[in-house]
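**Student:** Top line first, the protein sequences correspond to chains F and U. Taken in order, the first sequence gives residues 1 to 221; the numbers are from our numbering. Taken in order, the second sequence gives residues 1001 to 1489; the numbers are from our numbering.
Just so you know, the hints here were simulated from the structure itself, not pulled from any lab data. Treat each hint with caution, since some may be false.
[Said to hold, decoys possible] Where chain F lies over chain U, by a calculated footprint (3+ residues, C-beta under 8 angstroms):
1. 1038 to 1052
2. 1116 to 1130
3. 1168 to 1182
[Stated by the list, open to error] Just some of the chain U residues that point at chain F, by a computed CB distance under 7 angstroms:
4. Gly1020
5. Arg1021
6. Asp1137
7. Arg1451
Backbone N, C-alpha and C define an ideal beta-carbon position, used for all residues, glycine too.
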Amino acid sequence: MKRFACPSCGAEVTFKSAASVYSVCPYCESMLVRDDVDVKSIGKMATLPDDMSPLQVGTEGQLDGTHFGVIGRLKVGWRDGLWNEWHILLDSGERGWIGEAQGSFSVSFEKDGLDEQDRGYIAGRIGTPGSSEGLSAGFRISVEGKELRAVDIKEATCLGSEGELPFRAPKGRRTVAIDFTGQDGDFATVEVENEVFRLYSGRYVEFDDFRFSNLRPLEGW
Amino acid sequence: MALPDINAAPPPVPPAKPPGRVKVFACPNCGGAITLRAVGNSITVQCSHCSSLIDVANETYQVIAAAQAAIAGAAIEMGKRGKIDGIEWEVVGFQERCDESGSFEWTEYLLFNPYYGYRFLIDEEGNWTLVKMLNRDVPGVGISETVTFEGRDYKRFSEGKSYTRRIGGEFYWRASTDDVSDGVDYVSPPYRLFGERNNDEIIVSHGQYVAPDDIAAAFGIEAASLAGPEIGANQPNPYAAAKAAIVPIAILALVGATAVQFAGLIMTDRSQINAATYTFTPADKDKAVTGPTFTLSGTSNIEVDSIAQLNNDWLELDLSLVNTQTEQTFQTTQGMEYYSGYDSDGSWSEGDNSSSVVFSRVPAGTYKLLIEPDAGSFAKAPASTTPTSVLTTTTVEGVTFPSFTQASPPAAPAIPPVLAQVKVMHGTINWSNYFIALLLLILLPGYILARYWWFEASRWAASGTSSGSGSSSNDDDSDDNSSSWSNEE
Chain F
1 MKRFACPSCG AEVTFKSAAS VYSVCPYCES MLVRDDVDVK SIGKMATLPD DMSPLQVGTE
61 GQLDGTHFGV IGRLKVGWRD GLWNEWHILL DSGERGWIGE AQGSFSVSFE KDGLDEQDRG
121 YIAGRIGTPG SSEGLSAGFR ISVEGKELRA VDIKEATCLG SEGELPFRAP KGRRTVAIDF
181 TGQDGDFATV EVENEVFRLY SGRYVEFDDF RFSNLRPLEG W
Chain U
1001 MALPDINAAP PPVPPAKPPG RVKVFACPNC GGAITLRAVG NSITVQCSHC SSLIDVANET
1061 YQVIAAAQAA IAGAAIEMGK RGKIDGIEWE VVGFQERCDE SGSFEWTEYL LFNPYYGYRF
1121 LIDEEGNWTL VKMLNRDVPG VGISETVTFE GRDYKRFSEG KSYTRRIGGE FYWRASTDDV
1181 SDGVDYVSPP YRLFGERNND EIIVSHGQYV APDDIAAAFG IEAASLAGPE IGANQPNPYA
1241 AAKAAIVPIA ILALVGATAV QFAGLIMTDR SQINAATYTF TPADKDKAVT GPTFTLSGTS
1301 NIEVDSIAQL NNDWLELDLS LVNTQTEQTF QTTQGMEYYS GYDSDGSWSE GDNSSSVVFS
1361 RVPAGTYKLL IEPDAGSFAK APASTTPTSV LTTTTVEGVT FPSFTQASPP AAPAIPPVLA
1421 QVKVMHGTIN WSNYFIALLL LILLPGYILA RYWWFEASRW AASGTSSGSG SSSNDDDSDD
1481 NSSSWSNEE
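Produce the entire structure from the sequences given, and follow the hints as far as they go.
**Tutor:** So this is what it looks like as structure tokens:
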């Protein structure tokens, strides 16, 4: 863990993961980017839209017996709604994501090597960057030997972020996000940001199976 | 500056984040207060005052459409909470939908819990199904007649378009009274699979039947107002449990009763009617010697056990059991033989000098037994021998061969008569009890099976036309992507 003082307000900002390069000051909401020795502000993060998510930065849980903490969040919007990508740091040092959309939770980890053919299929159908018009749900890709089917295609825009993240996530960052499911609850998402393809894969997990603690208080629930 | 200066004033502490809570805002159309319950998820909300549809995807809150048709008098009110299977749900939205013909209508309630997300509660004329999105690929949905999910086979029930007529509350999608969706559903009561697709999304959901009483208890509503007369697509067959329970029992009972009955045939206490020893002479050949006369009070098996004294000879008895009133006759034959001698290997013998035959299921009545004997030795007899028959002992148990007396002196050279003891036994088998038992054993399972099948027939009679998430199998296939389930590369 590394601690820095926020260059804007002086509040303590921690980087729990060595891989985190970006964090939002919890006090003044300055977006901070760090290198090995220093941290600088690249502007102010807009206030995140309200939601009823039971998670928050600081929530802890278990994944296959390994404890993790939620260290950051990306709030993503698309034409017809919003979702959360919670960045988690496991005690094993691995970093992953909990996708939370309408009360469904997926867990995924970034993987190398989207199959070249699958990448070509997607790339060939994304005309202007950020546009998913050429794609339609139903096509299949192969991830770690499993065949997964595209079930959800969205043009996503970052609405804001909090905590620490492994990349800069200013408001307005645009991607095409394609979700895939398999027959056994497998989950994968391909995120296309301009020419960059990122593959994350994992599975859907029921809320209770995380055995969350330090959840966010929800009035009336 | 890499580290805060510990001697400086303590750094500011981040402010506590506000808890998650409902959001109340003024309707941009009428100014009435609107409560947003699933904050962050809902993107469309209908004002409960003026029925305007408001876009809440971002915080600018714009009116999408004024005065959409609003639901009046839905069974469960907005904002009501109820526990189903241990999870508390809040009703946040509902829509009245119908099939293409407009004749089949149903209501879909949208239930929300911030920890567990959403469920749909579908009310199809009193048949309630709780539906959860699956987040997984179920192969064959929309394509096959039967799909398999978690080891169960689901049969296609219906397919088609659904139209939204009225809406209320808030939704995580752009709900509107213009909504039309394409769907298909499969049933394996009490479960049901729903498939819906458009260009961007394929959604497979899983539903389970909920008894109206459970809905009533969960939401504090009077049960009587919830149930309906129609059979639901995934309503559990009320006779399924009885069928499952009674059919094996009935089969077991049938097998058991039959086994007992046939065991009875074999093991029934055989009481002796008569035992007599007869002396058969060549003169008796082709003549009927009269045996005992007896009365049967019920249907019986009559067994005739005979033992003959044979010495290198055979004896054949043609037995006729004649009903003295009706002349109805039962016939059978029994044969006995016994040969013995000496050869180089010593003494030998073969054959069996006893025989047992059964007249099966002889009805009640008075019968006499007629015996026509023939023996190997009789053929050697001169034709004119005087009939001699009879002799007599009526003994019970134990084979007694009384000394033989002749009615008239035999012509020499005498052919030795053949002595045989004939025992008549009966065992009463009560077939009527058996058939009454069979009838009873078949009646109840038969009734249950009939009700079961009638229920299934009624269920499937409604298939293909309408359902909660699909409707009217009207095959005007528009060949765009949205109607294709198999979007293969």
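**Student:** Which numbered hints turn out to be false for this structure?
**Tutor:** Hint 7 alone not satisfied by this model.
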